[in-house]
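**Q** Here the protein sequences line up with chains A and B, keeping their order. So the first sequence is numbered by our numbering: it starts at 1 and just counts up by one. So the second sequence is numbered by our numbering: it starts at 1001 and just counts up by one.
Don't take each hint at face value.
Stated by the list, open to error - Simulated pairs of lysine-lysine, DSSO-like, Cα-Cα distance not exceeding 30 angstroms: (1) B:K1194 <-> A:K40; (2) A:K68 <-> B:K1194; (3) A:K110 <-> B:K1096; (4) A:K136 <-> B:K1194.
Said to hold, decoys possible - In silico contact screen, one side only, chain B against chain A (beta carbon under 7 angstroms); selected entries: (5) Q1022; (6) P1061; (7) I1076; (8) D1079; (9) D1080; (10) T1083; (11) K1105; (12) I1110; (13) P1114; (14) T1119; (15) G1122; (16) T1158; (17) D1161; (18) D1237; (19) S1240; (20) A1244.
To be verified - With the C-beta cut set under 8 angstroms, the calculated list includes, among others, these residues of chain A facing chain B: (21) A27; (22) T30; (23) N34; (24) P36; (25) A78; (26) V106; (27) T111; (28) S114; (29) V115; (30) Y118; (31) I121; (32) G146; (33) I149; (34) A175.
No lab work stands behind these hints, which were simulated from the structure alone. All C-beta atoms, glycine included, are put in the ideal place defined by N, C-alpha and C.
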Amino acid sequence: MKKNILMTGFVTALFSALLFNGCITDAFNTLIQNVPISSKVNITSNQSSASAAGTINLDNSSIYQSYKDKIKSITFAAGTFTADSVYPSTLQGDIVVSLSNASGQVIFSKTFTSVKPYEFIGDANKFNLQLTDAEKAVLNTQLNAGSKIFTGTVEVKNLSGYTTSYTIIGHYDVALTLEVNT
Amino acid sequence: MKKMIPYVFIFSFLLVSFSSAQVKDRFSYLNSTEVGKFAKPLATSVGTALNSGGFTTAAIPSLFGFSIGLRGMVIIVPDDQKTFTPTLPAGYTADKKTATIYGPKDGGAIYSGPNGYITYPGGIGESVIPMIFPQATLSLLGTEAMIRYVPKINIGETNIDFFGFGIKHNVSQYFILLPVDIAVQFLYNSLSVKDLADIKNTAFNVEVSKTFGIVTAYGGLQFEHTKLDLNYKIKGDSQSGDPALREDYNITANVNGDNKVRMTIGGVLKLSFLSINVDYSVGSQSTLVSGLTFGI
């Protein structure tokens, strides 16, 4: 009787441990990995209005490439626009920062009126792409539908403060969150 | 029962081996400094497990004895071992913590800086880690040798080696009037997963026990050390904000577990040749151990 109790207790503990082991294995079956992607933008013009676009392509990410056949979900996590160089520094006007899908549909747009692009130079002055919940929903829906290419556009309007031409070089940084099966 | 033991052990290691590639996935985007912080709780829990279950009594047969048994355990990971503060390149600020291997699945942090985003993986979101393994002892004249061994198991692309031994000596036998049994023990355990990890553990303890009929109460103070050697390949990502993570290269990282000292208290119920024990250890990660032993 006592030996039966011992065996019952042990078998219960053993199977509990094995069940736990199963739960641990399940925990390793999914991974949430964050994916950084960057895209450069370069405007060189002598006109008071101009624009340039940079392509944000998931296929440029080796992390995305590693997991693209195992993706459960992709969501937008964060995004910034940073100016790397502006010439001349006296440049002033309106700046429109926007994010569009491959079809040209604008997902996000922000207008800065009468600013100096020079003030966006550097990591400390970067502009955070603060998408609303609705904008995130649109972007996430397109990501999960298989859209891999997006366009980050910088448009300048009503520029002054230059004589012959000007140059604005910047880049978009985007972070996406992948949930993948491993 | 004896026929069941190898199958139980193989099954347990099967479950572990399915996870080795999945563990590599988490390491592949971390440099050697960061993987040390990310994996330290893993080193601690594996070391804690392998350094557990080494004794259930300080008494050793004065002539001859042997035993064979299984030790099952659960290791409890505290909240402060589920996140860490990363070391980031110049220009980046670690303004928030990121997940260790046991941290939240969505706990991988994103850091913005001059070279773009630096991203970290999430954890597995687990707080309780189980493990089980067999062991056998042989004692002679107040000294006991313990063996833990599983022949190399080849599973897919992985193979697993496990070996451990311990040597224990009863010191209370030299003090006739002592009301308790006291022993000292040294333990060594080694676990190797091919192309991923080598874990080596050493421990030294002082044990005390007192028998009351069929029940023995025991306790001990143990000092231990765990070293985890990781071998993996960084999957270079040209988009990473960390220049050190933009190219593929092989990494060897050495991680010491936080398991340095523990106190154990437990009890064993002994009926003829069978005994079942339960004990609890307080350390860097607390551990609940249960075992079934056959022997004299």
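**Q** For each hint, tell me whether it holds in the structure or not.
**A** Here is how each hint holds up against the structure:
1. B:K1194 <-> A:K40: 42 angstroms, violated
2. A:K68 <-> B:K1194: Answer holds: K68 of chain A to K1194 of chain B is near 27 angstroms, not above 30 angstroms.
3. A:K110 <-> B:K1096: 27 angstroms, holds
4. A:K136 <-> B:K1194: With a Cα-Cα distance of about 43 angstroms, the restraint between K136 of chain A and K1194 of chain B is violated, given a limit of 30 angstroms.
5. Q1022: At about 4 angstroms, which falls below the 7 angstroms cut-off, the nearest Cβ of chain A leaves the hint on Q1022 of chain B intact, so it holds.
6. P1061: The hint is violated - P1061 of chain B has no Cβ within 7 angstroms of chain A, the shortest such distance being about 21 angstroms.
7. I1076: Since chain A brings no Cβ nearer than about 12 angstroms to I1076 of chain B, farther than 7 angstroms, the hint is violated.
8. D1079: 17 angstroms, violated
9. D1080: Violated, because the Cβ-Cβ distance from D1080 of chain B to chain A comes to roughly 19 angstroms (cut-off 7 angstroms).
10. T1083: Interface hint status for T1083 of chain B: violated (14 angstroms vs cutoff 7 angstroms).
11. K1105: With a minimum Cβ separation of about 5 angstroms from chain A (threshold 7 angstroms), the hint on K1105 of chain B holds.
12. I1110: Cβ of I1110 of chain B sits 5 angstroms from chain A, so the hint holds.
13. P1114: 4 angstroms, holds
14. T1119: Interface hint status for T1119 of chain B: holds (3 angstroms vs cutoff 7 angstroms).
15. G1122: 4 angstroms, holds
16. T1158: At 14 angstroms from the nearest chain A Cβ, T1158 of chain B fails the 7 angstroms test, so the hint is violated.
17. D1161: 19 angstroms, violated
18. D1237: This hint holds: D1237 of chain B lies near chain A, its Cβ roughly 5 angstroms from the closest one there, short of 7 angstroms.
19. S1240: This hint holds: S1240 of chain B lies near chain A, its Cβ roughly 6 angstroms from the closest one there, short of 7 angstroms.
20. A1244: Nearest chain A Cβ about 14 angstroms off; hint violated.
21. A27: 4 angstroms, holds
22. T30: 7 angstroms, holds
23. N34: 3 angstroms, holds
24. P36: OK, holds: P36 of chain A within 8 angstroms of chain B, min 4 angstroms.
25. A78: 6 angstroms, holds
26. V106: Cβ of V106 of chain A sits 23 angstroms from chain B, so the hint is violated.
27. T111: 22 angstroms, violated
28. S114: For S114 of chain A, the interface hint is violated, since the closest Cβ of chain B sits about 26 angstroms away, which is over 8 angstroms.
29. V115: With a minimum Cβ separation of about 21 angstroms from chain B (threshold 8 angstroms), the hint on V115 of chain A is violated.
30. Y118: Not OK, violated: Y118 of chain A not within 8 angstroms of chain B, min 17 angstroms.
31. I121: 11 angstroms, violated
32. G146: Status violated, d = 20 angstroms.
33. I149: 15 angstroms, violated
34. A175: 4 angstroms, holds
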